[in-house]
Structures are given as structure tokens and as C-alpha cells.
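Protein chains: 2
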Amino acid sequence: MTALHLSKIGNKMTNKVGVRAIMHDIQEVLNSDLNQYVNLSAGNPAILPQVYEMWEEALRDIVNDKQLKNLISQYGSSYGTHELIDCIREYFFTNYRIKLDREQVLITSGSQNLFFLALNSFCGTSKEGRVKKALIPMLPDYAGYSGVALEESVIEGIPPILSKLDHHTFRYEFNKQAFKDKIAQDPDIGAVVLSRPNNPSGNILSEEAVQLISQVCKNYHIPLLIDSAYAPPFPAINFIKMDPIIHDNIIHCMSLSKAGLPGERIGIAIGKSDFIKVMEAFQSNMLIHSSRLGQRMVVNTLKSGKLPEVSANYIRTHYKQKHDYLKNLLTTCMPDDIPWYLHKAEGSLFGWLWLEGLPFSDSDLYNKLKAENLIVVPGGSFFHGSQSSSHNRECIRISLTATDEELKKGIHILSSVVKKIYSSNTILETGKI
Amino acid sequence: MTALHLSKIGNKMTNKVGVRAIMHDIQEVLNSDLNQYVNLSAGNPAILPQVYEMWEEALRDIVNDKQLKNLISQYGSSYGTHELIDCIREYFFTNYRIKLDREQVLITSGSQNLFFLALNSFCGTSKEGRVKKALIPMLPDYAGYSGVALEESVIEGIPPILSKLDHHTFRYEFNKQAFKDKIAQDPDIGAVVLSRPNNPSGNILSEEAVQLISQVCKNYHIPLLIDSAYAPPFPAINFIKMDPIIHDNIIHCMSLSKAGLPGERIGIAIGKSDFIKVMEAFQSNMLIHSSRLGQRMVVNTLKSGKLPEVSANYIRTHYKQKHDYLKNLLTTCMPDDIPWYLHKAEGSLFGWLWLEGLPFSDSDLYNKLKAENLIVVPGGSFFHGSQSSSHNRECIRISLTATDEELKKGIHILSSVVKKIYSSNTILETGKI
Numbered sequence: 249m250t251a252l253h254l255s256k257i258g259n260k261m262t263n264k265v266g267v268r269a270i271m272h273d274i275q276e277v278l279n280s281d282l283n284q285y286v287n288l289s290a291g292n293p294a295i296l297p298q299v300y301e302m303w304e305e306a307l308r309d310i311v312n313d314k315q316l317k318n319l320i321s322q323y324g325s326s327y328g329t330h331e332l333i334d335c336i337r338e339y340f341f342t343n344y345r346i347k348l349d350r351e352q353v354l355i356t357s358g359s360q361n362l363f364f365l366a367l368n369s370f371c372g373t374s375k376e377g378r379v380k381k382a383l384i385p386m387l388p389d390y391a392g393y394s395g396v397a398l399e400e401s402v403i404e405g406i407p408p409i410l411s412k413l414d415h416h417t418f419r420y421e422f423n424k425q426a427f428k429d430k431i432a433q434d435p436d437i438g439a440v441v442l443s444r445p446n447n448p449s450g451n452i453l454s455e456e457a458v459q460l461i462s463q464v465c466k467n468y469h470i471p472l473l474i475d476s477a478y479a480p481p482f483p484a485i486n487f488i489k490m491d492p493i494i495h496d497n498i499i500h501c502m503s504l505s506k507a508g509l510p511g512e513r514i515g516i517a518i519g520k521s522d523f524i525k526v527m528e529a530f531q532s533n534m535l536i537h538s539s540r541l542g543q544r545m546v547v548n549t550l551k552s553g554k555l556p557e558v559s560a561n562y563i564r565t566h567y568k569q570k571h572d573y574l575k576n577l578l579t580t581c582m583p584d585d586i587p588w589y590l591h592k593a594e595g596s597l598f599g600w601l602w603l604e605g606l607p608f609s610d611s612d613l614y615n616k617l618k619a620e621n622l623i624v625v626p627g628g629s630f631f632h633g634s635q636s637s638s639h640n641r642e643c644i645r646i647s648l649t650a651t652d653e654e655l656k657k658g659i660h661i662l663s664s665v666v667k668k669i670y671s672s673n674t675i676l677e678t679g680k681i
Numbered sequence: 249m250t251a252l253h254l255s256k257i258g259n260k261m262t263n264k265v266g267v268r269a270i271m272h273d274i275q276e277v278l279n280s281d282l283n284q285y286v287n288l289s290a291g292n293p294a295i296l297p298q299v300y301e302m303w304e305e306a307l308r309d310i311v312n313d314k315q316l317k318n319l320i321s322q323y324g325s326s327y328g329t330h331e332l333i334d335c336i337r338e339y340f341f342t343n344y345r346i347k348l349d350r351e352q353v354l355i356t357s358g359s360q361n362l363f364f365l366a367l368n369s370f371c372g373t374s375k376e377g378r379v380k381k382a383l384i385p386m387l388p389d390y391a392g393y394s395g396v397a398l399e400e401s402v403i404e405g406i407p408p409i410l411s412k413l414d415h416h417t418f419r420y421e422f423n424k425q426a427f428k429d430k431i432a433q434d435p436d437i438g439a440v441v442l443s444r445p446n447n448p449s450g451n452i453l454s455e456e457a458v459q460l461i462s463q464v465c466k467n468y469h470i471p472l473l474i475d476s477a478y479a480p481p482f483p484a485i486n487f488i489k490m491d492p493i494i495h496d497n498i499i500h501c502m503s504l505s506k507a508g509l510p511g512e513r514i515g516i517a518i519g520k521s522d523f524i525k526v527m528e529a530f531q532s533n534m535l536i537h538s539s540r541l542g543q544r545m546v547v548n549t550l551k552s553g554k555l556p557e558v559s560a561n562y563i564r565t566h567y568k569q570k571h572d573y574l575k576n577l578l579t580t581c582m583p584d585d586i587p588w589y590l591h592k593a594e595g596s597l598f599g600w601l602w603l604e605g606l607p608f609s610d611s612d613l614y615n616k617l618k619a620e621n622l623i624v625v626p627g628g629s630f631f632h633g634s635q636s637s638s639h640n641r642e643c644i645r646i647s648l649t650a651t652d653e654e655l656k657k658g659i660h661i662l663s664s665v666v667k668k669i670y671s672s673n674t675i676l677e678t679g680k681i
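If you read the sequences in order, they're chains A and B. All the letters of the first sequence, read from the start, carry residue numbers 249 to 681 under our numbering. All the letters of the second sequence, read from the start, carry residue numbers 249 to 681 under our numbering.
Just so you know, these hints were derived from the structure itself, not from any lab. Keep in mind that the hints are not guaranteed to be accurate.
The list makes no distinction among identical chains, and a pair is therefore deemed to hold if it is satisfied within one copy or across any two copies.
To be verified - Listed below are the simulated DSBU-like cross-link pairs for lysine-lysine, each with C-alpha atoms no more than 30 Å apart in a straight line: (1) Lys-568 to Lys-616; (2) Lys-256 to Lys-525; (3) Lys-430 to Lys-317; (4) Lys-568 to Lys-317; (5) Lys-317 to Lys-554; (6) Lys-412 to Lys-430; (7) Lys-375 to Lys-466.
Let's have the full structure, built from the sequences with the hints guiding it.
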């Protein structure tokens, strides 16, 4: 039997990155003995009673609706259902005074698919043979952007400025000048993409920074994709104030997954109708449209006003408390004399830990932790191949979706492993002298 | 404002083909005055009470299930849910004595997406720069295969043999020799793809023909994709006996859309784990997984045994009757002395009408019919760019999903337009002499 022949695209798309790369690994170890491992890798949102009950009620209402048959037994528009699009328009007008036409809203099969459609439409090889890239203004950022790209090496990023805020806290700062220089010097930027709040770090780019990025993009006619999967109005996992920023050249990208509906795969893109039309046609050819039951569930929770309310009152609070708890745990358990830094808590559902001077790579650390029954996400893939700094191999992502007990158990394991690493490393260093 | 820059892929994917190309047109005319037009273009299955009630019950059971929260509030495996995969395995073992491993089944976001994953993995530009094509053994076939391809000109087809069965009936016959020659002579075939029953013609390739195609594919290590969107066990829209054919090099592709669940987008691929693994990774990167509510609904209807039962007893019967009705209408209304031929009714939910010697193209006919308030699908795009014969521009697809009344109204319009065309053409021809 000869080997399977794959296209270039087929080869590219069989590579999983980020958390998806270790997913198989995770499944295997978790299946082997459920109680043995502490899993702090999950991107799955915690199932909060208030959130879940909202979705259950939404579904119950659908079942009792006489129009159900038209919903499940009919194909729909590739833009999404009119009712959901109109709900989104109404929400943005009422709450942000932003007026949207129907053609400015696209419902996708989840946020992952939204970026698949957008990045592969605006980036990649052009008719003229040039490869247009997607630029991340501040690394690290969601590993899935590299995952969705149909071509290799399409994602590039600007290294962040590392700012130590105190003994064990740091924050990424946006390198404005490097961004402006890059855009000015590189004619092959097809799109700019960023998550806000940021996955993995929890950083929230300031409004000023986003306005600057948007203005630069506008000057160069580059669409700016703002991944708002953790942003208000839903799931509203922001711990500092932020609002959606909508401009003519921005594609504002929302997701229902972190608001408790990951199973149904619903994403929402808002932008200029020219952009949306391209993505709609791509979606139409690729999978026709997303789940209509899921779309109706979102309609119900928007009409009742529950979705933004539950997001702000329960989801946000939950993760803020979790991050506080994680920080306390780290402060209590981790050796004070080791240069560990937790990224400032601004949003998202992750803790992002930097172990400065880690004597080996993040994936080695991943394996060492796995050997001690702790699963975290190694941070390297969030730097999208950038070799700018050793920092890129010194971070891990800790999920805040675990229970307090799991977090506690996990951080104890982490601390003991880290202690050993740094003490043996000190010996090693001393030995060298 | 400069024009929108798109990648080659972006440009390709903004082109809609087949029924999707005229969808906008259809929506516009239908929105303008719902009562004015007769729409015989729809690919949407008719909503039959027995079918719809089955899905409604399945959904009602889900809402009453205590495990609902794990279903909607959690991400799942990109292979699909274990419970659905196991149901499929059990069904195939019980009914066809085919033993499948879990890794041989993939749940996709609908059948369209299944072909997107498969065709773009196995066909398109390879690392070595050669463009591998997907070969259709007998044209016409589903226009969407060209639609899902990320690159231009990836789909090729073998022209059929036209066999007139009687004064107004014809059937496509598979040109074995041409197929064998093509595969032997062209080293750049990456996959073979066919629908069985065939969309648009309703032809069902004989088991013998499929076995031959499969054997040739096997000899050349080419995966064979069999699109079973209209096949038994569901939706079972076959009017002559046929069974699924599963071999090592076949990817058997199923859909829930024509069994009444188009809104949820559920497709099923069955094949060698090597093939499935590639498609699973692609799906994982592209959209994570398909709707979990939809997957559970399918589980419920498979476990109760209703899905295959309702398919065989109601769905199949419904479309068989519709096709008989269409044939009667055509026989009654269409002029007997015009060379019109309806493809033999073997399956699918379409009538496929050949107007031999049509003096202009199928899209001209589409426009003439539209002017008289009838919408059908022009047949040209089902030939995927093949210029093999004038036949390729002489066909239209008539949907059997309409009511009897609509069909009657539609065929009356068609007949009167066709009469005019052929009579004026005769005059024209006579005038020339």
C-alpha cells in the first residue's frame, strides 16, 4: 500500500496546533484514569447553573414553538436566520447606537470557522503570486489563527513589550512603533487579527491602542479582525471596562461558545457588507449555514435580555473569582524567590504564567508536569513560530474552568515541579562557575 | 477606496455554482411577490408530517434529558460524539454485517462540508506542484463538488452515454472504457467522486458499475467518494433496489438533510481510518465539530429505529409518487412531437428533463421561464465545465419537493414556453432552408 497522497492544503490542515495539538494526548491520559490527572488545559467553559438554565429554557421554548418544523426541516440563508441577524442589529443599536444593515451581519459555524473564512479570504497566495499574511499586533495570541490558515506561514506577529508590574505580576504592552513600522514596510499584510480580551494572556488592549491599530489598518486598506470571544456584551469575561469598537474596516467577531453554547457552534461577524459578502459566499460553498436550532436559542436569550445579563452577572464574576483564587494559590504555593509572573487579570478564562529563565522549553515542562499528573497548555504555539525571545518558550496557560479543588491540586503539583527545576538548575548554574 | 483584496482562494470561494448561483436570484423573485412565482428549484426536502414528528419527538426527548447540559455546554470530539458514532457502527453491523472501528466514522457539519474536507485534502495542488483532480465517472453530477473545491478546475468528469429508452424517456449509461482510459492515462486524479442516487438526474449507477469503479480506484490507490445523500438506509430515496457499497478505498458519505434535518447540518463519512483521520484534523482546525444537539437527535431516531423506517415507508414513497405525477404531467402537457426526455426515475428528489436540440442554452431557458414566473435550475453547472456535447446545455432540473398544484402550474408554464421555442425554431430552421 502506497502512502496516502495529500494536497498541500491537506497536509497543512492535518497539523493541529495549540490546545488542539495536545488534545489527543489529553484525551488519552484522561481516558486512562479519570481520577489520576488534574486537567488545567480545558478551553471548555465551566457549566454554571444560571448559564445552563438559560439555554435549557431557550431550548424548551423552541420545542413548544409551533414553527419548529420550519426551523429544523428547512435549509436557511448562508448569512444566518433573519431573526438572529435582526436581534444582533437591534442589540447594537439599542446599546451602542451602532446602526447595522442586514448585510453587515454574518452567522458562522462558530468563531473558529469565522476566522477560517476571513483569514483564508483576505490572506494567502494572491492571483499575482504574492503571499498576503495576517499580522497579530501583539503576541502571544490565539494559536487557532495558525490552525485555520490553509497555507503555511501565513500568520506573523509583533513581539510584545514585557512589563513587570510587581514581584510576581507582569503585563504585555503593545509595541506601537514596531507595529506601525511593520505595516509601513511590509506590503504583504492582508489582514490584522487580535483577540480582545486576549487568549491566552488575559490582556485587554486599551481602546487607544485599538483605535491606533484600526487607523493604521484603514490607511493601508487592511481589514482588522477583532476576536471578541471573551468580550462584552457576551460572555463579558472582562475584568476591566471595555466596549466593542466598530469601524468601517473592522470585522467584529463574536462567539457564543464561552457564553455556554460551545456545542452548537455559533459565531457572529459584524462588518462592512463587502467583507461579509465574501465570507458569506465562502460559507455557502463550504457548509451552507450553521445550526438553525442553535441560532434560534441565541434569539430567545437575546430577546429575553438574559444573555448579556447572565454574562455580566454570573460568567464574568465566576472567572474573576477564579483568577483571584489562582493568584492566591500561586502566591501561597510557589517559591517567592523564583522569577514567576502571572499576567495581570484583565479578562478571558485563563491564567497565563511566565517562568522566567526556564531552563528548557514549554513543551518539556508540559511533559514533566504530565508525568506528575498535571495537564496544562504549553504556551509556545501562541507565539505563532516567532523566535523573537526566550520568553516565547517560558509560558504556560492554566484554565480557569476547573473547580477550586482541581486548581489547588494542580498548582501544588506545578509548584513542586517548578521548585525542583529551579533548584537543580541553580546547582547546575553554580556547578558551571 | 481601493477594491477589496482577496486571495486566490477567496476569489474562488466567492463564486457560487449550481443552485447556489441562482439562489440570490430565486430569493429576490420569491420575495418580490410570493404568489407570483412557481418555484421548482428548491433542494429543500418536502416537510412530511411523519418525518417532522420523528424529529420533533427526538428533540423533545433531549429537552427532558438530565444530561442536556453536557451536550450543549461542552465542546466535543471533532470525530463527532461517541454515541452517534457507535449508533452508526451498530446499524452497519446489524444490517450489512459491516464491522467499523470508531476511527472509521466521522460526523461532519453536513454533507457539503464533508466533500469540502475530502476533496480539498485529496485533490488540489500537491507539494510537488502538480494539481490533482477529482474525477466524476459519469456526468452530470452535483454542482456543489465544484463549489467546495478551493482551487479552480479541480473537478473533471466523464461524459455519459445517452440512451433513449422510449419516445420521452432516457437514461445515462456509464462509459466504462472512457473511465478506465482516463484513470490509466491521467496520473493526476486525486479522488473519484459520484452521487448515488445521482443529483441531478435520478440515475442510480448499478452495483456492477460501482464495483468496477472501486476496483480501478483501488488499483491506482485513489479514494472513491460515494455521495449517498439520497441513498438507503436514510433518506432511502431510491426507487430501485440498492445497498451501500463499502470497500477499503471507498469513503461512504451520508447526509441527514434529505431525511428532514437540513437545518442542523449533519453529515457522516465512513471509510478507512487513514482517510477519516485527515478529514477529522481538517474539521478540527476549521470548525471544531458539528452541532451536538443535531447529533443527539440522530442518535435518538436511530436507537428507536424510526429513521430508516420512516425513510423507507414515507420519504421514498412520497418522492416516487411525485416523480410519477411529474411524468404524467409532462406526458399530458408537453407536445408529443418535441424531443423532450425525462430521465428514468431511479431515485433522488428531482426530475431531470432533456430538451434535445434546444436552440439556446439552459440559462437562456431559465430566464425565459423566469419571465413567465417559473423557476427551475438550469442544468449546465452539473456538467462542471465539460464542453463534451450540446446535451450539457439542454437540461433543466425540476424539484419534486413542490406540491402537486405547484408542479401542475409549473409544468403548464414550461410546456407553453417550450412549445413556443420549438415552433419558432422550426420556422427559423425552415426559413434557413
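Evaluated hints:
1. For the identical chains of this complex, Lys-568 and Lys-616 are intra-copy neighbours only, at 29 Å inside a copy versus 63 Å across copies, given an alpha-carbon limit of 30 Å.
2. Proximity of Lys-256 and Lys-525 under a CA criterion of 30 Å is satisfied in both settings, with 27 Å inside one chain copy and 16 Å between copies.
3. With identical chains, the CA atoms of Lys-430 and Lys-317 are never at most 30 Å apart, being 53 Å at best within one copy and 46 Å at best between copies.
4. Only between protomers do Lys-568 and Lys-317 lie at most 30 Å apart by alpha-carbon distance; the minimum there is 23 Å, versus 41 Å within a single protomer.
5. Taking CA atoms no more than 30 Å apart as the test, Lys-317 paired with Lys-554 passes in both settings, with 25 Å inside one copy and 17 Å between copies.
6. Within a single copy, Lys-412 and Lys-430 get their C-alpha atoms as close as 25 Å, which meets the 30 Å cut-off; across copies the closest is 66 Å, which misses it.
7. Taking the shortest Cα distances, Lys-375 and Lys-466 sit within 30 Å of each other inside one copy (23 Å), while across copies they are farther apart (36 Å).
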